[in-house]
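Asker: Sequence:
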Amino acid sequence: MSDLRVIDLSPASDSQVQNALDEVKDFATTDMDRGGPERWTYRMLQEPALTEQLKKLAQPRSIGRTDAVSLQPCRTWHYRSQDRYDVEDWALPDGTWTYAAVFDGHMNFDTVEHVSAALGPYVKTSLAAALRSRPSPSALPTLVTGILEQSLAHIDSALVSDFLTIFPSAEPEALRRHDPSRMKQLINDISSEKAGYFRTARAFGGTTALVTLVDPTKSHLWVANVGDCIAVMGQKDAAGNWRGTVINSIHNGSNPGELERIRSEHPEEADCTWNDRVLGFLAPTRAIGDAWLKLPAVYAELVFKHLNAEWLSAEVMEAHVPRIRTPPYLSSKPDVYHVRLQKEGSLPSRADARSPRILILCSDGLSDLYDGYSFQDMADEWTQVVGRELDSNAGPGIERKNLALSLLREAIGGSDAQLVSRNLTVEMEERWMDDTTIVVQRFL
Numbered sequence: 001m002s003d004l005r006v007i008d009l010s011p012a013s014d015s016q017v018q019n020a021l022d023e024v025k026d027f028a029t030t031d032m033d034r035g036g037p038e039r040w041t042y043r044m045l046q047e048p049a050l051t052e053q054l055k056k057l058a059q060p061r062s063i064g065r066t067d068a069v070s071l072q073p074c075r076t077w078h079y080r081s082q083d084r085y086d087v088e089d090w091a092l093p094d095g096t097w098t099y100a101a102v103f104d105g106h107m108n109f110d111t112v113e114h115v116s117a118a119l120g121p122y123v124k125t126s127l128a129a130a131l132r133s134r135p136s137p138s139a140l141p142t143l144v145t146g147i148l149e150q151s152l153a154h155i156d157s158a159l160v161s162d163f164l165t166i167f168p169s170a171e172p173e174a175l176r177r178h179d180p181s182r183m184k185q186l187i188n189d190i191s192s193e194k195a196g197y198f199r200t201a202r203a204f205g206g207t208t209a210l211v212t213l214v215d216p217t218k219s220h221l222w223v224a225n226v227g228d229c230i231a232v233m234g235q236k237d238a239a240g241n242w243r244g245t246v247i248n249s250i251h252n253g254s255n256p257g258e259l260e261r262i263r264s265e266h267p268e269e270a271d272c273t274w275n276d277r278v279l280g281f282l283a284p285t286r287a288i289g290d291a292w293l294k295l296p297a298v299y300a301e302l303v304f305k306h307l308n309a310e311w312l313s314a315e316v317m318e319a320h321v322p323r324i325r326t327p328p329y330l331s332s333k334p335d336v337y338h339v340r341l342q343k344e345g346s347l348p349s350r351a352d353a354r355s356p357r358i359l360i361l362c363s364d365g366l367s368d369l370y371d372g373y374s375f376q377d378m379a380d381e382w383t384q385v386v387g388r389e390l391d392s393n394a395g396p397g398i399e400r401k402n403l404a405l406s407l408l409r410e411a412i413g414g415s416d417a418q419l420v421s422r423n424l425t426v427e428m429e430e431r432w433m434d435d436t437t438i439v440v441q442r443f444l
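Just so we're aligned, residue 1 is where the sequence shown starts under full-length UniProt numbering, counting upward by one.
Bear in mind the hints are in silico, worked out from the structure with no lab data behind them. Even for Gly, the Cβ is constructed at its ideal location relative to N, Cα and C. Fair warning: there could be bad hints in the mix.
[Said to hold, decoys possible] List of simulated lysine-lysine pairs, DSBU-like, C-alpha gap at most 30 Å:
#1 K401 <-> K56
#2 K184 <-> K124
#3 K333 <-> K401
#4 K194 <-> K401
#5 K218 <-> K194
#6 K236 <-> K401
#7 K218 <-> K401
#8 K218 <-> K333
#9 K236 <-> K194
#10 K333 <-> K55
#11 K124 <-> K333
#12 K56 <-> K194
#13 K305 <-> K184
#14 K194 <-> K184
#15 K305 <-> K55
[Claimed, not checked] Restraint-style ranges between C-beta atoms, simulated for each label pair:
#16 D31 <-> D335: 55 to 65 Å
#17 L143 <-> S254: 30 to 40 Å
#18 A314 <-> S392: 49 to 59 Å
#19 S133 <-> A314: 47 to 57 Å
#20 S161 <-> W274: 27 to 37 Å
#21 S161 <-> K305: 50 to 60 Å
#22 R34 <-> S133: 14 to 24 Å
#23 R400 <-> R182: 39 to 49 Å
#24 Q59 <-> Q384: 34 to 44 Å
#25 D335 <-> G64: 24 to 34 Å
#26 L92 <-> A118: 50 to 60 Å
#27 P267 <-> D189: 34 to 44 Å
#28 Q342 <-> A174: 23 to 33 Å
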């Protein structure tokens, strides 16, 4: 038997005990309002550390007169954000146009990465070509509306067509005669960016798209929407109060009109919408990508389920495949809105100067943080939060604040440091809030 060694530890000193207590004094536990016995640890932060942590996670940016943030506080790699946004100023033949867009991806990261990178350049090229013909001012609203409609349709159709070219035959039923092992080889090829895996993944995943354009004279705003992101126009009324207006229709199961549209397109299929979702699966009723909901069922049966991807659960998808009888079930058709900001060639009136406008674009993560609010209540609340910050920023020598960051701070707790700390630092491996992206544009 080996000799036992006894280690004598001296008691901790008072200072060591205090240091140990200091290391944990700022930590607490929460049930994240879920009830039940489970608790998660979070760190209570004080200012200025709290604001610095929010900035670190949300990465606030200002591009010209536009502010933006994007937040997903969960640090688990699998749950990293699927939101994307883009803000650009384009020097075109008639002056500088402003492009802004918010994308909310789902299923994977491939689709939203591709669409957010490809859409802006395509719109810019199409717009530049159209402007070279020097269209009349009266023709501009219809012209730009058509460009946005065509651009979004093109991006979606290109995803599907790029995927279909993987296979020797364009006939869906020909897939049933295809060697399954060869099929798997084709769609899991990762030898290049144009290989089968990436084309399949981009077609299989999906994203919403909320796109805006402002002309050089700041007379016109166009908003194009596919999905459930939200655009809100805010302006002061005659009494000096900020009021918000939701510009776009929301394309998801909360919109009865969208559910009715799908049911009217598939009148013999009671399960085309179920649990306020497309085929009981997808919340948005319009999206770019999601080809398995737009193509014959054979693609879901024999192709998509064989994709080797950690984000794909074939078992979950298989439950919905038998419902695919008369596709497409998902639309990529955008609603496009034209808002006249002021008459062409006119200078802002004194009333306009006293009443600046703001445009808020956001993914549905922001609306999820306002559970129980109507869309109009949300629009007013967001506009008032941003409007107060805009008013407080007025005047020379005052540092401009990031308006998107101010709205995000309010949404996750505002002045309640404990709630904000919990939302930013809770130690959970799964997401506790949706990806949240906010873009705020200022109009004088």
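Asker: If a hint holds in the structure, say so; if it doesn't, say that too.
Answerer: Verification of the hints:
Pair hint K401 plus K56 holds up; C-alpha atoms about 16 Å apart against a cutoff of 30 Å. For the given pair, K184 sits about 37 Å from K124 by alpha-carbon distance, which is inconsistent with the 30 Å threshold. Restraint check for K333 and K401: not satisfied, since their Cα atoms lie roughly 36 Å apart, outside the 30 Å limit. For the proposed pair K194 and K401, the alpha carbon gap of about 42 Å is over 30 Å, so the pair is violated.
Between the alpha carbons of K218 and K194 the distance comes to roughly 40 Å, so the proposed pair goes past 30 Å and is violated. Proposed proximity of K236 and K401 is supported: the alpha carbons are some 19 Å apart, at most 30 Å. A threshold of 30 Å between alpha carbons decides the hint, and for K218 with K401 the separation of about 22 Å falls inside it, so the pair holds. Distance restraint check for K218 and K333: the Cα-Cα separation of roughly 27 Å lies within the 30 Å cut-off, and the hinted pair is therefore satisfied.
Simply put, K236 and K194 have alpha-carbon atoms about 50 Å apart, too far for the 30 Å limit, and the pair is violated. Between the alpha carbons of K333 and K55 the distance comes to roughly 36 Å, so the proposed pair goes past 30 Å and is violated. For the hint pairing K124 with K333, the CA-to-CA distance comes to about 20 Å; that is within 30 Å, so the pair holds. Between K56 and K194 the CA atoms are separated by roughly 35 Å; this puts the pair beyond 30 Å, and the hint is violated.
Restraint check for K305 and K184: satisfied, since their Cα atoms lie roughly 10 Å apart, inside the 30 Å limit. For the suggested pair K194 and K184, the alpha carbons sit about 16 Å apart, so the restraint of at most 30 Å is met. For the hint pairing K305 with K55, the CA-to-CA distance comes to about 40 Å; that exceeds 30 Å, so the pair is violated. Between D31 and D335 the CB atoms are about 40 Å apart, so this pair departs from the stated range of 55 to 65 Å.
Here the CB-CB span from L143 to S254 is close to 33 Å, well matched to the stated 30 to 40 Å. In this structure, A314 and S392 meet the distance hint of 49 to 59 Å, their C-beta atoms being roughly 53 Å apart. Between S133 and A314 the C-beta distance comes to about 50 Å, which sits within the given range of 47 to 57 Å. About 30 Å separates the C-beta atoms of S161 and W274, a value consistent with the hinted range of 27 to 37 Å.
Between S161 and K305 the CB atoms are about 21 Å apart, so this pair departs from the stated range of 50 to 60 Å. Between R34 and S133 the Cβ separation comes to about 58 Å, which falls outside the hinted range of 14 to 24 Å. Restraint check, R400 to R182: a C-beta distance of roughly 59 Å breaks the suggested window 39 to 49 Å. In this structure the supplied range 34 to 44 Å is violated for Q59 paired with Q384, their Cβ-Cβ distance being about 25 Å.
Our hint of 24 to 34 Å for D335 and G64 holds, since their Cβ atoms are close to 26 Å apart. At about 19 Å, the CB distance of L92 to A118 disagrees with the hint of 50 to 60 Å. Under the hint 34 to 44 Å, the C-beta atoms of P267 and D189, about 40 Å apart, fit the expected range. As the Cβ distance of Q342 to A174 is approximately 57 Å, the hint placing it in 23 to 33 Å is violated.
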